[in-house]
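Participant: Sequence:
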Amino acid sequence: MAIEDFKHLIEAQSLEKKMKEHLDATEEQVSRVMHIEKQREINSSAKIDLESQLSEKSTELSKKEKDLFDSEAKAEKTNEHIPLARNEQETNALQKELDVLNPKIEKLQEEILELMEITEELCNQISEKDEFLKGSLLSLEKIKKDSEIEIHNEEEKIKVLEERVSSLLSQAGENYRTAYLLSNEKHKFNNPLCFVSNSACHICRYTLNQMQATEIEKGEVTESCPGCGRLITPLSAKTL
Numbered sequence: 000m001a002i003e004d005f006k007h008l009i010e011a012q013s014l015e016k017k018m019k020e021h022l023d024a025t026e027e028q029v030s031r032v033m034h035i036e037k038q039r040e041i042n043s044s045a046k047i048d049l050e051s052q053l054s055e056k057s058t059e060l061s062k063k064e065k066d067l068f069d070s071e072a073k074a075e076k077t078n079e080h081i082p083l084a085r086n087e088q089e090t091n092a093l094q095k096e097l098d099v100l101n102p103k104i105e106k107l108q109e110e111i112l113e114l115m116e117i118t119e120e121l122c123n124q125i126s127e128k129d130e131f132l133k134g135s136l137l138s139l140e141k142i143k144k145d146s147e148i149e150i151h152n153e154e155e156k157i158k159v160l161e162e163r164v165s166s167l168l169s170q171a172g173e174n175y176r177t178a179y180l181l182s183n184e185k186h187k188f189n190n191p192l193c194f195v196s197n198s199a200c201h202i203c204r205y206t207l208n209q210m211q212a213t214e215i216e217k218g219e220v221t222e223s224c225p226g227c228g229r230l231i232t233p234l235s236a237k238t239l
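Numbering (numbering that gives the first Met the number 0), first residue to last: 0 to 239.
Among the hints, erroneous ones may be present.
[To be verified] Below 30 angstroms or equal to it, Euclidean Cα-Cα: the simulated DSS-like pairs (lysine-lysine) are:
hint, residue 1, residue 2
1, Lys158, Lys76
2, Lys16, Lys65
3, Lys46, Lys128
4, Lys144, Lys156
5, Lys17, Lys103
6, Lys128, Lys17
7, Lys76, Lys63
8, Lys185, Lys217
9, Lys143, Lys156
10, Lys237, Lys185
11, Lys16, Lys158
12, Lys37, Lys65
13, Lys103, Lys237
14, Lys237, Lys17
15, Lys62, Lys37
16, Lys19, Lys106
17, Lys63, Lys46
18, Lys128, Lys62
19, Lys143, Lys133
20, Lys95, Lys63
21, Lys237, Lys19
22, Lys156, Lys187
23, Lys73, Lys103
24, Lys156, Lys37
25, Lys144, Lys16
26, Lys73, Lys95
27, Lys46, Lys143
28, Lys106, Lys76
29, Lys143, Lys37
30, Lys217, Lys187
31, Lys46, Lys56
32, Lys95, Lys106
33, Lys65, Lys76
Quick caveat, the hints were computed from the structure, so don't treat them as lab data. In this text the structure is predicted, and so the values were computed from the model without any measurement.
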């Protein structure tokens, strides 16, 4: 009986919707793992960048510290030579040298202090990344284990549903089964079946003539909706 065939298809569609729920649950578990892995990747990349900046600033700091050491040593010697100057000309020359060295020393001290603050902040940020990477690794391992269990459970449920759907489709006549599978290629998990309501497809609202609607409702034909391509199903099969 055609109506009975459609009833099998309606039940198959219902089970496939439940299957989609389990597939979504599986995807959610995969997404949880991927999210943490992505965050670890971002933080690992950021850590490498911070370490590169730290290396650059540390090298710059070392150079400035050496320059400061040399400049202070030179200024100290110049100060020692001033009392030993033999004339005003030598004194003025030594003083001019100090006039150049002292501002340079002051500027270097400021730059070194700034670089020390920068390197300290970079070290703190690197430590934060390390803490995150260590903590997230533990979380990732736990979530992976939990997800593997959840995914296995969901896959088992999907397998049972697939077997039930296959059984239902095998009980439907070949024409009905073929028409359903054709509609399912485009609308799987999204209502491959549609019903006629007020002479129109209840999903896309494509209007059918009264004769078509009557033949479909009697289960005398297998016809796809010209509007959306879904297999049109007798409304009576839904309540059978």
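Participant: Hint by hint, which ones does the structure fall short of?
Facilitator: Violated hints (numbers, rising): 1, 2, 5, 6, 12, 13, 15 and 16; every other hint is consistent with the structure.
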